[in-house]
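Participant: Single-letter residue listing:
Protein chains: 4
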Amino acid sequence: MIIIMKPDASKEAVKKVTDLIESKGLRAHLSEGTQVTIVGVVGDKTLLADSNLELAEGVEKIVPVTESYKLVNKKFHPNPSYISVGNAVIGPDTLTIMAGPCAIESSKQLLDTAIAVKKAGAAILRGGAYKPRTSPYSFQGLEEEGLKYMKEAREATGLAVICEVTSLHALETAAKYVDMIQIGARNMQNFELLKEAGKSGLPVLLKRGLAATIDEWLNAAEYIISEGNPNIVLCERGIRTYETSTRNTLDLSAVPVIRRKSHLPVIVDPSHATGVREYVAPLSKAAVAAGADGLMIEVHPCPACALSDGPQSLTFDDFEKLTAELKPYAKLAGRKF
Amino acid sequence: MIIIMKPDASKEAVKKVTDLIESKGLRAHLSEGTQVTIVGVVGDKTLLADSNLELAEGVEKIVPVTESYKLVNKKFHPNPSYISVGNAVIGPDTLTIMAGPCAIESSKQLLDTAIAVKKAGAAILRGGAYKPRTSPYSFQGLEEEGLKYMKEAREATGLAVICEVTSLHALETAAKYVDMIQIGARNMQNFELLKEAGKSGLPVLLKRGLAATIDEWLNAAEYIISEGNPNIVLCERGIRTYETSTRNTLDLSAVPVIRRKSHLPVIVDPSHATGVREYVAPLSKAAVAAGADGLMIEVHPCPACALSDGPQSLTFDDFEKLTAELKPYAKLAGRKF
Amino acid sequence: MIIIMKPDASKEAVKKVTDLIESKGLRAHLSEGTQVTIVGVVGDKTLLADSNLELAEGVEKIVPVTESYKLVNKKFHPNPSYISVGNAVIGPDTLTIMAGPCAIESSKQLLDTAIAVKKAGAAILRGGAYKPRTSPYSFQGLEEEGLKYMKEAREATGLAVICEVTSLHALETAAKYVDMIQIGARNMQNFELLKEAGKSGLPVLLKRGLAATIDEWLNAAEYIISEGNPNIVLCERGIRTYETSTRNTLDLSAVPVIRRKSHLPVIVDPSHATGVREYVAPLSKAAVAAGADGLMIEVHPCPACALSDGPQSLTFDDFEKLTAELKPYAKLAGRKF
Amino acid sequence: MIIIMKPDASKEAVKKVTDLIESKGLRAHLSEGTQVTIVGVVGDKTLLADSNLELAEGVEKIVPVTESYKLVNKKFHPNPSYISVGNAVIGPDTLTIMAGPCAIESSKQLLDTAIAVKKAGAAILRGGAYKPRTSPYSFQGLEEEGLKYMKEAREATGLAVICEVTSLHALETAAKYVDMIQIGARNMQNFELLKEAGKSGLPVLLKRGLAATIDEWLNAAEYIISEGNPNIVLCERGIRTYETSTRNTLDLSAVPVIRRKSHLPVIVDPSHATGVREYVAPLSKAAVAAGADGLMIEVHPCPACALSDGPQSLTFDDFEKLTAELKPYAKLAGRKF
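Chains as they are written, first to last, in my numbering: chain A, 1 to 337; chain B, 1 to 337; chain C, 1 to 337; chain D, 1 to 337.
FYI, nobody ran anything at the bench for these hints, they're computed from the structure. Any given hint might turn out to be false.
Intra- or inter-copy, both count: the list cannot distinguish identical chains.
[Claimed, not checked] Dumping the calculated BS3-like pairs for lysine-lysine here, alpha-carbon to alpha-carbon at most 30 Å:
no.: 1; residue 1: 195; residue 2: 70
no.: 2; residue 1: 331; residue 2: 6
no.: 3; residue 1: 119; residue 2: 148
no.: 4; residue 1: 108; residue 2: 75
no.: 5; residue 1: 261; residue 2: 336
no.: 6; residue 1: 151; residue 2: 74
no.: 7; residue 1: 75; residue 2: 321
no.: 8; residue 1: 176; residue 2: 74
no.: 9; residue 1: 327; residue 2: 176
no.: 10; residue 1: 327; residue 2: 24
no.: 11; residue 1: 16; residue 2: 199
no.: 12; residue 1: 15; residue 2: 119
no.: 13; residue 1: 6; residue 2: 24
no.: 14; residue 1: 75; residue 2: 6
no.: 15; residue 1: 16; residue 2: 331
no.: 16; residue 1: 148; residue 2: 75
no.: 17; residue 1: 75; residue 2: 327
no.: 18; residue 1: 11; residue 2: 261
no.: 19; residue 1: 108; residue 2: 199
no.: 20; residue 1: 261; residue 2: 148
no.: 21; residue 1: 327; residue 2: 16
no.: 22; residue 1: 6; residue 2: 74
no.: 23; residue 1: 75; residue 2: 61
no.: 24; residue 1: 74; residue 2: 24
no.: 25; residue 1: 108; residue 2: 261
no.: 26; residue 1: 321; residue 2: 336
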């Protein structure tokens, strides 16, 4: 931690700051510039957490030097993590595809989709049973009934299954039926839910919040891992910007940035990011080329009949065509698929 | 709802769209332009909710004409609402000030603050017992113990009290101690929590999400009101932008926009929006001048000792000076204070 | 300037950095932390401008300590500036209102407006002769003919006049007719134009760029002042965000932020910021309450007939009503008007 | 164009609107809904440009149906354009790489780079002679001297050369030395410069503005093409968002969006978008996979010695390694390289 003093800070003000630092058992290094004085803090800065040094007389600003997340930080865990979900392993050797409908609508819809996406190469079946919807008057999901269809589809196909949870109650229920839970963009800072997901020990897909920085996202993952659950996969799904020709702006730079900062796998969801079916294929390829460990793609037997997010869903044929096209990209990236 | 067809849409495609609309018992109005054909839908568009018209052949895009929120919409409830919280009434006749510490730290800290802010003119005491914090290693709040201090402060001063709730459990607990609950920016789309807040019947302060549009915010309020609870106050607290000289960008335009779209009261929180103490006073005055029904301001007996958000907190003296300065602005705005 | 080394930086790497700093005649202060080493640079950091220290082995990042703008910086010029424009003086004692049509359309339109806005209290007449328009097929302005009408209106009313310039040619021409030139949001980083505006010596109204940080804005002003022209007034006019219910998001926090960082006056343009007539009045009052030195407001004899930006223009009656309402706000802010 | 009336609009108000439309020789189609009335306008809407229909009594809002750009619009020119620059042809069959230093520093620096990038597969040499810099105290470029080095490098290597122009003067000068001019992000709406670039007839690389929507970008291109110059290549270079771990947020979705809306080629600049050398390679591959027609990449003989943007520049070895890795991606995309 570095403390930058104001240009007109008095010697007394500087001394008060260094005294405060030393009173906590830390060391203060002074660097007196021609315009400003800088104080470096040496030692465990959490000892200063309650000191509000920003408010001390003569202090201009505080610059943190180390990240606030630890267990998900690559600095302390340099090798990439492998996360097992059912028979799938998400990590640097594989391109893992999660596919399925935005919302589960019926047993048949889900099972048909499961069979189709498995055939095309998906390793994990996705499907929403609890739908977070902007308006209370939109379809909210089949809830536990949908989870039962998930379990049936898993048994029938051997695919691992993932479902979003939007509350502690949904988390408890889903734990009985699925292999992996998803925490969606709107709940990325629902800290209660993150902690419970941590306690559950289940693999967690943590989507980036709509306006979350990468550091906030990694701190959200830290909530899960600090409860003892290291089974976390991150998912970039677009951030909110002023551009309106896509639903969100897919931030593919997040893939190499996460790779540099964390050991956790990161996948990409081009369906929600763009909201437009014809952009899913080019951005899926781009994600693999950027180094993503997997993709989450919406597939529906009849997008025009879907109760939720039809416009961005692929048909079975679209999806099969896409996975065929992705194979050489996976190979170039050194990934099995 | 208006359906804009593609320039090359065939007559058959247009007919399929109008047939679909009419099959749901609605009427379709055709408008054939020189370049494109437009189809207007007359009737209750929710009957089309599951139709995914965007995907029909030849459709370019769908333009919604009416808002998805109803009960909070000014169109259907033209007069402004008055929300009672303890002895306070939030609405067009009054400037209601909510003040107190970011986090409750002790019985004495809270009680001292309650006495000071009451003396300076605040009507409601705020204080955080459940703190949503970016890092799991930051102070998370005193929880129920803090709520007990809240109740004590209410009994001692007669002030109404408000506390943020971050989970269903916190909501249930808080309901026993406080007059109004706050749903914070990070939980604005925690729909489970919104529904429960609706069922509780308690007055709710609904903060705008960090990247929420005003329409999404009003839809979040619709979640609460559609459960039968009309006691909602909105709070603008800054949105996330690229500018870094303030913590967030306070969107004061939201005040007249909400006034035009909804009958609900709207207040402003300049403390969280800016994150900088010296900007709180000018933006408080600006909020009142823009038409806000109230303010939420952080006050702490010793900001430099605060466990959370010290840099933006006012001292008792600062706050007393501010409320004195606000009086003529309230008067100009036609509000008692 | 502070250099933060990587956690695994070798002693040799640190030595190379300090040697480089000292080879330029500066001093390097070492601060060895438990996790990272920090190097403070003492002396004139511009001597290091070409060194690309970010790329030296072992360097994690560079933190600048002082701002890159000097002459507009309050640190080196603590008292607020007063800028004279014709008979008007923009500064801390006065509320200066600039009003007029978005685009100049005819001699009569401009003169009628000049008379009306002068009567209502405006000190400066605005009007666009060179219009930057998103589409090449939109009305682009009357150019020099419009400037002549400006001069006529000035002679007839005694008002000072301001016009936007969008090119060196427009700047040269406008210099013959107007008292103040405006550099618009789209040209805030048209550095050639900024330098020429600096050389002209004319008072300059510098609007904030659509996505400019406050620091970039002040650096743009530094381009003008560093050519010897200190006659600069800043104008906040809304920034681009994801919110669509207003054209841009008016960042009123910019007013106190500029006040803290610079001695230059700052005014606010609520017409362009919101794009909606009925939001102009509440945000004008808010701007004055936040401490703005003036306002720029669009007024048109017949907004429904305007060739440009009619929806946000006030009628003469609207404007007269607004200035009447602003008087007590100006008085509260300690400003003549 | 569609006009949505307010729920309480009177019959007279609707009639006035339709009368106005018909008075311009257009046709108005009425669609009376249960809540609102909608008026479709049939005919050439530019006839209504000066009518400010938004302001007519009873009008809620106007929804445009057709884009304001015409000549760059794919609807009116369905086949992709091929743009010749020296010996290079930018278009669907080729991956065109533009590479070179951010700023031209010396004849030797530029020539060495030209030879290295040609060897590695670049078709066009880039180099900045006029540098738009945030601060007036940063290095501003060698100007015409730099352009002479450009011409030398072209003669020595046969590469086509491109240079950014920041003013009409720079454009005139550059036209004597280079094969293609670049209009940078900060000048994307410098309409004077766009028009002159249009008149010059030279191939133009038009970078996307920092906060420009894709529609504004295409309208900027329309300024060039409407002056008779169809030789335009678009360049996505990152947009401004709240995320700070990269300099800007690269919006790769822009590639398929442009492909859908326009016939112009689009390339990607991952160097400026990220500002970080190690992110250039993964995002270059991603851009090719997303369908980009080319890349613009910064290369410098000694990034640590660069006068501008060293941190994002590749060394010759880095660049050679990158182009080797890009070859199979180009092949997958069906492009020669």
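Participant: Between the shortest in-copy and the shortest cross-copy C-alpha distance, which are at most 30 Å for residue 16 and residue 199: within, between, both, or neither?
Facilitator: This pair counts as neither: shortest intra-copy Cα distance 43 Å, inter-copy 47 Å.
Participant: Using 30 Å as the alpha-carbon threshold, which applies to residue 11 and residue 261: within, between, both, or neither?
Facilitator: Between copies only: 23 Å across, 39 Å inside.
Participant: Between the shortest in-copy and the shortest cross-copy C-alpha distance, which are at most 30 Å for residue 261 and residue 336: within, between, both, or neither?
Facilitator: Result: close within a single copy only, 24 Å intra versus 35 Å inter.
Participant: Is it within a copy, between copies, both, or neither that the alpha carbon of residue 176 lies no farther than 30 Å from that of residue 74?
Facilitator: neither (32 Å within a copy, 44 Å between copies)
Participant: At 30 Å max between alpha carbons, let me know whether residue 6 reaches residue 74 within a copy, between copies, both or neither.
Facilitator: Between copies, since 13 Å is at most 30 Å while 35 Å is not.
Participant: With identical chains, the pair residue 108 and residue 261 could be close in the same copy or across copies; at 30 Å between alpha carbons, which is it: within, between, both, or neither?
Facilitator: The answer is neither: 42 Å in one copy and 38 Å across copies each exceed 30 Å.
Participant: Using 30 Å as the alpha-carbon threshold, which applies to residue 15 and residue 119: within, between, both, or neither?
Facilitator: Answer is neither: 70 Å inside a copy and 36 Å across each miss the 30 Å cutoff.
Participant: I want to check one pair: residue 261 and residue 148. Are their C-alpha atoms no more than 30 Å apart within a copy, between two copies, both, or neither?
Facilitator: Cα proximity of residue 261 and residue 148: none, with 38 Å in one copy and 42 Å across.
Participant: At most 30 Å between alpha carbons: which applies to residue 75 and residue 321, within, between, both or neither?
Facilitator: For residue 75 and residue 321, only the inter-copy Cα distance (27 Å) is at most 30 Å; the intra-copy one is 40 Å.
Participant: Can you give me the call for residue 108 and residue 199, within, between, both or neither, at a CA distance of at most 30 Å?
Facilitator: neither (33 Å within a copy, 35 Å between copies)
Participant: For the identical chains here, do residue 108 and residue 75 meet the 30 Å Cα criterion within one copy, between copies, both, or neither?
Facilitator: neither (47 Å within a copy, 40 Å between copies)
Participant: Using 30 Å as the alpha-carbon threshold, which applies to residue 75 and residue 6: within, between, both, or neither?
Facilitator: between (33 Å within a copy, 10 Å between copies)
Consistency note: the structure conflicts with the earlier hints numbered 2, 4, 6, 8, 9, 10, 11, 12, 15, 16, 17, 19, 20, 21, 25.
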